[in-house]
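Asker: Based on the hints, put chain B in the right spot on chain A.
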Amino acid sequence: MSDYVIEAEGLVKRYGKHTALDGVDLRARPGTVLGVLGPNGAGKTTAIRILATLTGLDAGTARVGGMDVTRDAAKVRRIIGLTGQYATLDEELTGVGNLILIGSLLDLRKPEAARRADALLDRFGLTEAAGKPVATYSGGMRRRLDLAASLVGHPRVVFLDEPSVGLDPGKREELWRIIRELTTDGVSVLLTTQYLEEADALADEISVIDHGRVIAHGTPPELKQIVGGQAIAIRPKNPVDVEKAAAILAAVSGHPVEHAAQQELVAPVDSDRAMFDIARRFEAESIEVAEFALRLPSLDEVFFTLTGAPATSGKTDEAERSHA
Amino acid sequence: MSTVSITATSSERRPAGLLRHSLILARRSLAKSARNPGALVNGVVTPAIFLLLFVYLFGGSVAGSTDDYLLYLFPGIVVMGAGLSGMLSSGLSINIDMKKGVFDRFRSLPIGRSAPLLGSIMADMVRYVIAIALLFGIGYLMGFRVQTDTGSALAAVALVLAFGFCLSWVTVFLGVLVKDEGAVMAFAFIVFIPLMLGSSLAAPIDTLPEWLQAWANVNPVTHAMDAARALLAGVPTGNSIIQTILWSAGILIAFCPLAIAAYNRKR
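Chains as they are written, first to last, in the numbering used here: chain A, 1 to 324; chain B, 1 to 267.
The shape of chain A in the complex, shown without the other chains (with noise of 0.2 Å):
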């Protein structure tokens, strides 16, 4: 038995000429909280597509449950709950009717279905909603009902594509806390994020994907680690200095420097011996500094370092939603 629940190796899939995995590998272990983090269009949802069994792969192979994706894609059907980047959910229906129709389905006797219902209903906070079309739902709204539909068959395994798009702050916080759960009750989940702060909050381990590939791997504070362990942020107090403020740090720290809002210059160091090496040169230029710090590197910045680029650009998903 394999130390994974989840197991791919490999992962090719071509849209005609568009490569939307080049070769992926991913890992988790039961219990855990696998983050696949990457900037839209980097194949995230192709990923989870091909894990949940509705796509298929044109190269590698891939395990859930130690369970074969394309061989034995019933049997992984029974331990998975999926839900997807738009709310795999019937708008006619009620919420309770959504559920109802998943219990049916996975074979729940009708009173069954309705007590699992409820009883998911109630955990999500949506008892008060469940007569009401899902058309009528908030985004929040729909969102708690889409992972309580997941969850209606005692899933093992549970994928998350993008759970938090479109929700405010403190929807975001209160769905965190649901999925964390999840991992409590022993459920694994994989979820896929653009939000560093969502893979750094929720993830165990982070998968850092671009353009089809995995880039990086680690757990949070072993991806800060490869980065070369710290950061050094600066905000030049005058404006017209910003640009000698960020060549001076290049030099000094080998690191491209990401241009962070408000004139804020980052860029990760080998050691604390850049610190002073760079007061110095900036004490010799004159710059003066309004702030000047070293720190852990965030995983923005991680993912600044990893591609050269920052973790907003790249392709919109439209390719691979068109083709999904």
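Among the hints, a few may not be true.
[To be verified] Capping the alpha-carbon separation at 30 Å, the derived lysine-lysine pairs in DSSO-like fashion look like this:
id: 1; chain 1: B; residue 1: 179; chain 2: A; residue 2: 17
id: 2; chain 1: A; residue 1: 110; chain 2: B; residue 2: 32
id: 3; chain 1: B; residue 1: 179; chain 2: A; residue 2: 171
id: 4; chain 1: B; residue 1: 99; chain 2: B; residue 2: 32
id: 5; chain 1: A; residue 1: 75; chain 2: A; residue 2: 132
id: 6; chain 1: B; residue 1: 179; chain 2: B; residue 2: 32
id: 7; chain 1: B; residue 1: 100; chain 2: A; residue 2: 75
id: 8; chain 1: A; residue 1: 110; chain 2: A; residue 2: 132
id: 9; chain 1: A; residue 1: 171; chain 2: B; residue 2: 100
id: 10; chain 1: A; residue 1: 132; chain 2: B; residue 2: 32
id: 11; chain 1: B; residue 1: 100; chain 2: B; residue 2: 179
id: 12; chain 1: A; residue 1: 171; chain 2: A; residue 2: 132
id: 13; chain 1: A; residue 1: 132; chain 2: B; residue 2: 99
id: 14; chain 1: A; residue 1: 110; chain 2: B; residue 2: 99
id: 15; chain 1: B; residue 1: 100; chain 2: B; residue 2: 32
id: 16; chain 1: B; residue 1: 99; chain 2: A; residue 2: 171
id: 17; chain 1: B; residue 1: 99; chain 2: B; residue 2: 179
[Claimed, not checked] Ranges of calculated distance between the beta carbons of each label pair, as one might list FRET restraints:
id: 18; chain 1: A; residue 1: 68; chain 2: B; residue 2: 154; range: 44 to 54 Å
id: 19; chain 1: B; residue 1: 190; chain 2: A; residue 2: 15; range: 22 to 32 Å
id: 20; chain 1: B; residue 1: 96; chain 2: A; residue 2: 118; range: 24 to 34 Å
id: 21; chain 1: B; residue 1: 34; chain 2: A; residue 2: 118; range: 22 to 32 Å
id: 22; chain 1: B; residue 1: 249; chain 2: A; residue 2: 15; range: 32 to 42 Å
id: 23; chain 1: B; residue 1: 129; chain 2: A; residue 2: 112; range: 43 to 53 Å
id: 24; chain 1: A; residue 1: 115; chain 2: B; residue 2: 182; range: 41 to 51 Å
In case anyone wonders, no lab produced these hints; they're calculated from the structure. Glycine residues also receive a C-beta, built at the ideal position from the N, C-alpha and C atoms.
Answerer: Here is chain B on its own, set in the frame of chain A:
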């Protein structure tokens, strides 16, 4: 909020069945159609308009009296109703369904891959029955009476339904294959005129010009209409019933596997 264990022991599984899952999904589709009867209207309104138009405008001159013409025309109109329902609603409903996110969820459940497709088709069958029942109601009000016996009338309905069902697989195949529901509509309308009107619908074939006779004679719809006429109005059948069954089976054998293969390969 109370806590509910998510990994509680999975409930006992009832003997799984493609049929039962399909029926559950068919019921879902029908519940929605009660609120949005658009597809049903297609199968009733168009044939009903042709019925009224032909009988009262041309009936007198074509057959001598509108009553006689109604007797000739009505069975063909029933075939048109079933054919239109089959061609339009099935292809469209599967096409529209597949674009919704909920289809992804169905496909991630441990149910037969074809269950959503079959469920959609089963729901369509119920819609045909309703469409045909409504057409019979209109025919009755206009004065149409079955000239044979109940058994033959039921056989006519069964034959017409089977024909519409088999014909529906052509547009189901198309509906699964193309992304745009407009394309399914366009196809159905393009084939509507030659298929439905280039037949024995409005007048006996031997009264048609020769080039049209050639087409009408090979058109499966002609056979279905002749068969319905034989069973409802008691005119001689010839071999139209057998021909209809053979054509239906042929269309089904050709397009049903194609549609299911396209459906399973999709995505």
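Asker: None of the hints should be skipped; say for each whether it holds.
Answerer: Consistency of the hints with the structure:
{"no.": "1", "hint": "B:179 with A:17", "verdict": "19 Å, holds"}
{"no.": "2", "hint": "A:110 with B:32", "verdict": "20 Å, holds"}
{"no.": "3", "hint": "B:179 with A:171", "verdict": "34 Å, violated"}
{"no.": "4", "hint": "B:99 with B:32", "verdict": "16 Å, holds"}
{"no.": "5", "hint": "A:75 with A:132", "verdict": "33 Å, violated"}
{"no.": "6", "hint": "B:179 with B:32", "verdict": "22 Å, holds"}
{"no.": "7", "hint": "B:100 with A:75", "verdict": "24 Å, holds"}
{"no.": "8", "hint": "A:110 with A:132", "verdict": "20 Å, holds"}
{"no.": "9", "hint": "A:171 with B:100", "verdict": "25 Å, holds"}
{"no.": "10", "hint": "A:132 with B:32", "verdict": "15 Å, holds"}
{"no.": "11", "hint": "B:100 with B:179", "verdict": "12 Å, holds"}
{"no.": "12", "hint": "A:171 with A:132", "verdict": "20 Å, holds"}
{"no.": "13", "hint": "A:132 with B:99", "verdict": "23 Å, holds"}
{"no.": "14", "hint": "A:110 with B:99", "verdict": "28 Å, holds"}
{"no.": "15", "hint": "B:100 with B:32", "verdict": "14 Å, holds"}
{"no.": "16", "hint": "B:99 with A:171", "verdict": "28 Å, holds"}
{"no.": "17", "hint": "B:99 with B:179", "verdict": "8 Å, holds"}
{"no.": "18", "hint": "A:68 with B:154: 44 to 54 Å", "verdict": "50 Å, holds"}
{"no.": "19", "hint": "B:190 with A:15: 22 to 32 Å", "verdict": "30 Å, holds"}
{"no.": "20", "hint": "B:96 with A:118: 24 to 34 Å", "verdict": "31 Å, holds"}
{"no.": "21", "hint": "B:34 with A:118: 22 to 32 Å", "verdict": "25 Å, holds"}
{"no.": "22", "hint": "B:249 with A:15: 32 to 42 Å", "verdict": "37 Å, holds"}
{"no.": "23", "hint": "B:129 with A:112: 43 to 53 Å", "verdict": "32 Å, violated"}
{"no.": "24", "hint": "A:115 with B:182: 41 to 51 Å", "verdict": "44 Å, holds"}
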